[in-house]
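Dock chain F against the given chain U, drawing on the hints supplied.
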Amino acid sequence: MTALLRADGLAKAFGGVQALQGCTIEVDEGSVTGLIGPNGSGKTTLFNVMTGYERVDAGDVFLGGRKITNSPPDRVFALGVGRTFQLTRIFARLTVLENMLVPAPRRSAAGRRSLPGAKRAAPPDRQRAMELLDFVGIAGHAAALAGTLSYGQRKLLELAYVLIAEPAVILLDEPAGGVNPSLINHIAGRIRELNAGGTTFLIVEHNMEFVMGLCERVTVMDSGSVVASGPPDIIRTDPRVLDAYLGGSLEDEDDVTAG
Amino acid sequence: MNTGITWRAGTAAILLAAAAVFPLLFTNPLVTNYGVYALIFAGAATAWNLFSGFSGYISLGHAVFFGSGAYTVGIAAKDWHVSGVAVFGLLPLAAAVGAAIAVPFGLVALRVRRHTFIVITIAVFFIFQLMAYNLSFTGGSTGVSAPFLNWQAATYNNPFYYLALVILVVTMGLAWLIRRSRFGLQLRAIRDDEDRARGLGVRPMRVKLAAFTISAVVTGLLGGLWFYYLTQVQPPSGFDAQFDLSVALMTFLGGFGSISGPVLGAVLIEPGQQYLTSRFTNGYVSEILLGALFLLVVLFLPRGVIPTAAERVTAWRAARAAHAPDPLPADAADGAVAGSGAAVSAGAEGRPR
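Line order of the protein sequences matches chains U and F.
My numbering numbers the first residue of the first sequence as 1 and each following residue consecutively.
My numbering numbers the first residue of the second sequence as 1 and each following residue consecutively.
Do not rely on the hints blindly, as some may be mistaken.
Unchecked claim - To give a feel for the contact side, a few chain U residues facing chain F, derived at Cβ under 7 Å: (1) 78; (2) 92; (3) 93; (4) 104.
Claimed, not checked - To give an idea of the chain F side of the interface with chain U (calculated C-beta under 10 Å), a few residues: (5) 185; (6) 189; (7) 191; (8) 196; (9) 198; (10) 236; (11) 240; (12) 287.
These are computed hints drawn from the structure, not numbers from a lab.
Owing to the predicted nature of the structure, the values given are computational and were not obtained by experimental measurement.
In this text, a Cβ means the ideal position worked out from N, Cα and C, and glycines have one as well.
Bound-form chain U, shown alone (with noise of 0.2 Å):
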């Protein structure tokens, strides 16, 4: 397998903290690659980073081969990187449909060598859009604000959002964390369905049943670099991960803040 997504020794700093160091990942062409490590680790800025919402200050990020670093956030998008918001961000005073038809179709740019799997999308139409709220269960909802739709329901909405402008690879943060048990299975299925029609999945979780059964590989990251990467069963036992970031409880790691 080729990496389809890749960061190659990235550094940030805010201020005086070391958000990156070195931070090097792969995520294979797909699959679904777990993330994970304790609160401050990096991942959320990881994510950034790779999205274009931050600048890094060393290192590169690349989309199949294309170097995509620092790239603004809509050119990332545009190239076929989506990704979800660990509090989700959704367009409150939209419809949920009209929040469907919000992402720009995804383009391959024109005389350069297109990306795997990519292809040239219409804007995304309401047809589509009802099919995948459909897909993830909202479509009874279709017509309210989207502001009024709960937690769970939210991060539902933000993934088939993401999921319309059919991106080669879609970074989750936290899809799992604050829903409850039944959604949680809800969102597996689905991301599952997904990854066998090809899409590829790089997700931050603390919910370690969760990455444990839907990841075949897992990275595990502290202190703003990757300790250790590997199929789940490896990483459960690997004496590096169980000190930075297992050694406690499982469980215990379920607050809301920038990981």
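Leaving out everything else, chain F in the frame of chain U:
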């Protein structure tokens, strides 16, 4: 929903017909004068709302476009010796100047977010007012003037009235089309969360600048019309801080981000303001009242008359529907939203139009 659309279209047709016959029923020029001002400000508030209401970026510098439009046609008519009805042919120039100013103005001001944006628009406003006082071709503090058109006094106001009405109707149609379009959706997404919209491929600068420029074109055009109506412009009347506050207040009162709100606000406020200005020549009475009204609206009616009224109607309908025997389907994905059916109907019908 269909009955709602029919009802709305019917109301719009009746109001348009009423506006069209108004000068024929009330022939007193003192009365039609109020009509001309109300329509000019209804158009200006609609144009302002098309940018500020949709994008959430409050501009307090739209007088820049209004004044520039006025000065443009005034100076052009004088320098090129255009007179009589032909002066109306210069109005597109006022619109073009509005656009020509909006692009660089927007490229600078739209780089920053909300509050800083407001401050920059105010600063640009003062720069333009100062330029009007000090540049050689703007006539300093005496400004620019033109001869009155040689029309009969009794019907002098009517052509201005109908031209302003046409501009208003076209601008409202434009606002309606934009609101329904993908462009309008992107503007409203920017209003809710600009960074998130950006992460979904929306290019905020392009979208905001386009709306800002469209808004400036209409405002410049109205400034040109206003100049011919008054046949004079001075720096403090063309570049008038009260213009900025007025269009914002009218929009907030009627309904920020809605289509009919700014028009309602203008029709409610502008005649009163004109009356007070003519009644108390020292001027500050209307300004004090305008300021007080602004405070009251922001404190007690922050969403405006039309969205608030629409909400009441929806709540009343929902309450009536709740008594109906057929229960609403419970379709919440996680079953956590109590009364989600009512929320759905509130969302569908309670949106500002």
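Exercise. Against chain F, with CB atoms and a cut of 7 Å, does the hint on residue 78 of chain U hold up?
Worked result: Interface hint status for residue 78 of chain U: holds (5 Å vs cutoff 7 Å).
Exercise. Hey, does the residue 92 of chain U contact hint survive, CB to chain F under 7 Å?
Worked result: holds (6 Å)
Exercise. Does the nearest C-beta of chain F fall within a distance shorter than 7 Å of the C-beta of residue 93 of chain U?
Worked result: This interface hint holds because 5 Å falls under the 7 Å limit.
Problem set entry | Interface hint for residue 196 of chain F, Cβ within 10 Å of any Cβ on chain U | With a closest approach of 4 Å, the residue 196 of chain F hint holds.
For this session: Using 10 Å as the Cβ threshold, decide whether residue 240 of chain F counts as touching chain U.
Result: violated (32 Å)
For this session: Hold the hint about residue 104 of chain U up to the distance rule: shortest CB distance to chain F must be less than 7 Å.
Result: Result: holds, 3 Å to nearest chain F Cβ.
Problem set entry | Restraint check, 10 Å cut-off on beta carbons, for residue 287 of chain F near chain U | violated (33 Å)
Exercise. Can we keep the residue 236 of chain F interface hint, with Cβ of chain U closer than 10 Å?
Worked result: Status violated, d = 37 Å.
For this session: Grab the minimum C-beta distance from residue 198 of chain F to chain U and call the hint holds if it beats 10 Å, violated otherwise.
Result: holds (5 Å)
Exercise. Regarding the hint that residue 191 of chain F lies at the interface with chain U, is the smallest CB-CB distance below 10 Å?
Worked result: With a minimum Cβ separation of about 7 Å from chain U (threshold 10 Å), the hint on residue 191 of chain F holds.
Problem set entry | Restraint check, 10 Å cut-off on beta carbons, for residue 185 of chain F near chain U | holds (6 Å)
Exercise. Against chain U, is residue 189 of chain F within 10 Å by beta-carbon distance?
Worked result: holds (4 Å)
When each numbered hint is compared with the structure, violations occur for hints 10, 11, 12.
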